[in-house]
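Chains as they are written, first to last, in the working numbering: chain A, 1 to 334; chain B, 1 to 320.
These are calculated hints, taken from the structure and not from any lab test. Careful: at least some of the hints might be erroneous.
With a straight-line Cα cutoff of 35 Å, these simulated DSBU-like cross-link-like pairs (lysine-lysine) come out [what the hints assert, rightly or not]:
#1 A:48 x B:132
#2 B:25 x B:304
#3 B:25 x B:229
#4 A:48 x A:259
#5 A:48 x B:263
#6 B:249 x B:283
#7 B:283 x B:264
#8 B:165 x A:48
#9 B:249 x B:229
With beta-carbon atoms standing in for the labels, derived distance ranges [to be verified]:
#10 A:52 x B:182: 52 to 60 Å
#11 B:320 x A:321: 39 to 47 Å
#12 B:228 x A:52: 23 to 31 Å
Computed from a prediction, not measured in an experiment: that's the story for all the values here. Beta carbons: idealized from backbone N, C-alpha and C, even for Gly.
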Amino acid sequence: MMKTSDMTKMTYRNAIRLGITEEMRLDRDVIFLGEDIGVYGGAFGVSKGLLEEFGEERILDTPISEGAIVGTAVGAATTGLRPICEMMFMDFITLGMDALVNQGAKMRYMFGGQSQVPMVLRLPSGSGTGAAAQHSQSLEAWLCHVPGLKVVSPSTPAQAKGLIKAAIRDNNPVCFIEHKMLYDAVGLVPLDDDYTLEIGKTIVERPGQDVTIVAYGTTLAKAIEAAEFLDEEGIRVEILNPLTLYPMDMKPIIESVIKTGCLIVAHEAAKTGGVGGEIVARVVESEAFDYLTAPIIRLGGLDVPIPFNQELEAAVVPQRNDFVHGVYRLLNRE
Amino acid sequence: MIELSEELLLRMYYNMNQARYFEEKLDDLVAKGQVHGTIHLAIGQEASGVMAALALEEGDLVSLSHRGHAQAIGFGLDVNLMMAECLGKYTGYCKGKGGSMHIADVENGNLGANGVVGGGFNLSCGAALTQKYHQTGKVVLCFAGDGATNEGSFHESLNLASVWKLPVVFFIENNQYGMSNPVENHINIENISDRSEAYNIPGLTIDGNDFLDVYNTVTKALRYARAGKGPVLIEAKTYRYSGHSKSDKQVYRDKREVLEWQKKDPLLKMKEYLRENRIFTEKQILKMEDEAMISIEQAVEFAKKSPQPQLNTILDDVYA
Numbered sequence: 001m002m003k004t005s006d007m008t009k010m011t012y013r014n015a016i017r018l019g020i021t022e023e024m025r026l027d028r029d030v031i032f033l034g035e036d037i038g039v040y041g042g043a044f045g046v047s048k049g050l051l052e053e054f055g056e057e058r059i060l061d062t063p064i065s066e067g068a069i070v071g072t073a074v075g076a077a078t079t080g081l082r083p084i085c086e087m088m089f090m091d092f093i094t095l096g097m098d099a100l101v102n103q104g105a106k107m108r109y110m111f112g113g114q115s116q117v118p119m120v121l122r123l124p125s126g127s128g129t130g131a132a133a134q135h136s137q138s139l140e141a142w143l144c145h146v147p148g149l150k151v152v153s154p155s156t157p158a159q160a161k162g163l164i165k166a167a168i169r170d171n172n173p174v175c176f177i178e179h180k181m182l183y184d185a186v187g188l189v190p191l192d193d194d195y196t197l198e199i200g201k202t203i204v205e206r207p208g209q210d211v212t213i214v215a216y217g218t219t220l221a222k223a224i225e226a227a228e229f230l231d232e233e234g235i236r237v238e239i240l241n242p243l244t245l246y247p248m249d250m251k252p253i254i255e256s257v258i259k260t261g262c263l264i265v266a267h268e269a270a271k272t273g274g275v276g277g278e279i280v281a282r283v284v285e286s287e288a289f290d291y292l293t294a295p296i297i298r299l300g301g302l303d304v305p306i307p308f309n310q311e312l313e314a315a316v317v318p319q320r321n322d323f324v325h326g327v328y329r330l331l332n333r334e
Numbered sequence: 001m002i003e004l005s006e007e008l009l010l011r012m013y014y015n016m017n018q019a020r021y022f023e024e025k026l027d028d029l030v031a032k033g034q035v036h037g038t039i040h041l042a043i044g045q046e047a048s049g050v051m052a053a054l055a056l057e058e059g060d061l062v063s064l065s066h067r068g069h070a071q072a073i074g075f076g077l078d079v080n081l082m083m084a085e086c087l088g089k090y091t092g093y094c095k096g097k098g099g100s101m102h103i104a105d106v107e108n109g110n111l112g113a114n115g116v117v118g119g120g121f122n123l124s125c126g127a128a129l130t131q132k133y134h135q136t137g138k139v140v141l142c143f144a145g146d147g148a149t150n151e152g153s154f155h156e157s158l159n160l161a162s163v164w165k166l167p168v169v170f171f172i173e174n175n176q177y178g179m180s181n182p183v184e185n186h187i188n189i190e191n192i193s194d195r196s197e198a199y200n201i202p203g204l205t206i207d208g209n210d211f212l213d214v215y216n217t218v219t220k221a222l223r224y225a226r227a228g229k230g231p232v233l234i235e236a237k238t239y240r241y242s243g244h245s246k247s248d249k250q251v252y253r254d255k256r257e258v259l260e261w262q263k264k265d266p267l268l269k270m271k272e273y274l275r276e277n278r279i280f281t282e283k284q285i286l287k288m289e290d291e292a293m294i295s296i297e298q299a300v301e302f303a304k305k306s307p308q309p310q311l312n313t314i315l316d317d318v319y320a
């Protein structure tokens with residue numbers, strides 16, 4: 001465990017920036033491209049100050065051409081650079097999908113192992129900002145359906161720093177999903193410039209033995225709030241966070257379900273076709289099936305585009321009470 | 001005028017003949033049902049594909065189109081490994097996992113043929129960015145067809161390459177058809193190179209069946225890009241004699257049109273040039289043709305004798 005003296009409090013936004021800054025200092029082949037990431041500092045302020053430190057050669061403001069951003073990153077990665085690129089909103093990856101899915105994700109395999117594509121695609125995701133249907137989506141399930149990509153989703157500032165650094169050092173295309181509502185979240189972050197979090201690990205955020213909850217992104221915080229509330233009633237919820245959504249580390253989830261017999265899987269993304277369904281399928285395919293004492297509950301976004309109105313917007317995604325009632329239902333307390 | 005040594009002319013004629021025989025042989029194998037999947041032939045386009053790639057210097061890079069066999073041969077790829085890949089063999093460039101549409105030799109600067117029309121434009125910008133950033137002095141040659149210039153990626157790339165002055169030459173083989181759609185039905189301008197004006201870069205339209213025109217123009221364009229002046233767009237007007245792919249019955253065009261273009265055949269044109277200028281004797285010309293044919297016969301033999309990939313390689317190389 002790291003000493004708190006080696007850590008400092010900072011926001012999720014600053015933790016991502018710190019991770020990028022450290023890696024850019026360590027490796028001159030790391031470059032960063034995206035829209036308005038230079039003087040403007042990025043739409044969400046993540047790249048503020050990077051232009052001053054690293055210059056125009058490494059912090060590349062691009063035209064508004066997402067296909068060109070992702071495709072250029074793939075081409076640069078294949079030939080020796082380690083590009084980070086930013087989609088201003090995750091929604092805009094729709095405009096870069098050919099470069100990501102047909103090119104970057106497949107090159108190594110279809111060329112028989114000849115190439116590697118070490119790039120990071122930063123994707124500000126999620127609802128809650130009042131930006132309506134085209135700027136609020138959580139499209140991670142699409143990305144998790146493409147062999148060759150890796151998909152990570154940090155929920156805390158420390159996780160954000162550890163995973164952005166690991167993603168930059170990884171020799172594959174890594175989709176880094178950063179939820180916009182987490183940018184101002186504050187937490188302790190290790191200052192060690194060699195601190196990384198291994199990609200491909202699910203972690204236990206909170207131990208317990210009565211019910212297993214798997215949650216990531218902003219739903220993790222809501223699950224933790226619910227668990228604290230339930231604690232007072234003597235219900236011990238175990239919370240797991242699949243920091244890497246693809247390829248996912250299922251072992252800790254299966255072990256937890258064997259222990260608790262009850263499972264809630266949650267995410268903000270639309271429920272139908274979501275990552276949660278895949279987690280559930282893998283649990284019921286495993287030896288944990290025999291230990292289930294109640295039907296599994298999936299909490300997901302409603303199957304609607306994200307609406308603009310604040311109340312409607314909040315009603316689309318799972319909230320703390322959805323977890324509480326889910327746990328009651330599993331334990332026959334309702 | 002660019003000096004052409006005898007050695008270079010020999011390689012040009014030999015490679016163009018190799019490209020022709022390679023594809024005729026492949027077409028024959030497809031007809032016999034010996035090739036799994038499809039292939040895209042560029043028979044009739046050898047001057048543009050081979051000559052453009054031959055103009056590159058050591059260390060330059062290429063991105064090939066889906067119709068890329070001639071381009072690959074011009075770039076210097078080994079026909080044995082190419083044929084093995086087309087037959088899905090383990091000895092092929094991609095260990096049988098890519099096939100004709102994905103022939104690549106990344107270590108040597110061939111970033112791969114691309115199955116997505118227009119898929120190579122942005123990749124080429126990225127590869128060019130690496131050259132600029134590392135100050136290698138190398139240039140990327142990006143091949144694509146006329147149809148690809150209607151993709152958004154074409155316009156995004158030309159714009160980006162122009163703004164960033166990337167060392168890339170976009171080489172469009174206008175073979176008159178986007179699959180079945182004649183070029184006049186999908187592009188409303190006479191010359192595709194005119195599209196360069198919108199991005200403030202040089203644009204040239206050339207006779208894609210004239211080996212000298214292609215070689216000289218690409219050589220000059222590469223010099224321009226290498227000097228740090230930015231990208232160039234070249235349109236080579238040419239023609240494919242074969243259908244789009246193996247399933248194409250060519251109902252969209254008149255056989256007479258094909259015969260007209262065959263009178264302008266790039267190999268015949270080069271042969272005439274060699275004869276007129278008395279560069280090689282008739283015997284030497286025949287010898288080059290024979291050697292090219294033999295190299296392809298040997299490639300087929302190599303490919304046929306090569307092992308299939310083991311089933312246990314199926315999960316290899318998804319991740320680095």
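Each hint, compared with the structure:
1. A:48 x B:132: Holds, at about 25 Å.
2. B:25 x B:304: Given that 35 Å is the threshold and the Cα spacing comes to 13 Å, the pair holds.
3. B:25 x B:229: violated, 42 Å
4. A:48 x A:259: violated, 46 Å
5. A:48 x B:263: Violated, at about 62 Å.
6. B:249 x B:283: Distance ~38 Å between residue 249 (chain B) and residue 283 (chain B) Cα, so the pair is violated.
7. B:283 x B:264: Status holds; Cα separation ~23 Å.
8. B:165 x A:48: holds, 26 Å
9. B:249 x B:229: Roughly 44 Å separates the two Cα atoms, so the pair is violated.
10. A:52 x B:182: 52 to 60 Å: holds, 54 Å
11. B:320 x A:321: 39 to 47 Å: Holds: the Cβ-Cβ distance is about 44 Å, inside 39 to 47 Å.
12. B:228 x A:52: 23 to 31 Å: holds, 26 Å
In summary, the numbered hints that this structure violates are 3, 4, 5, 6 and 9.
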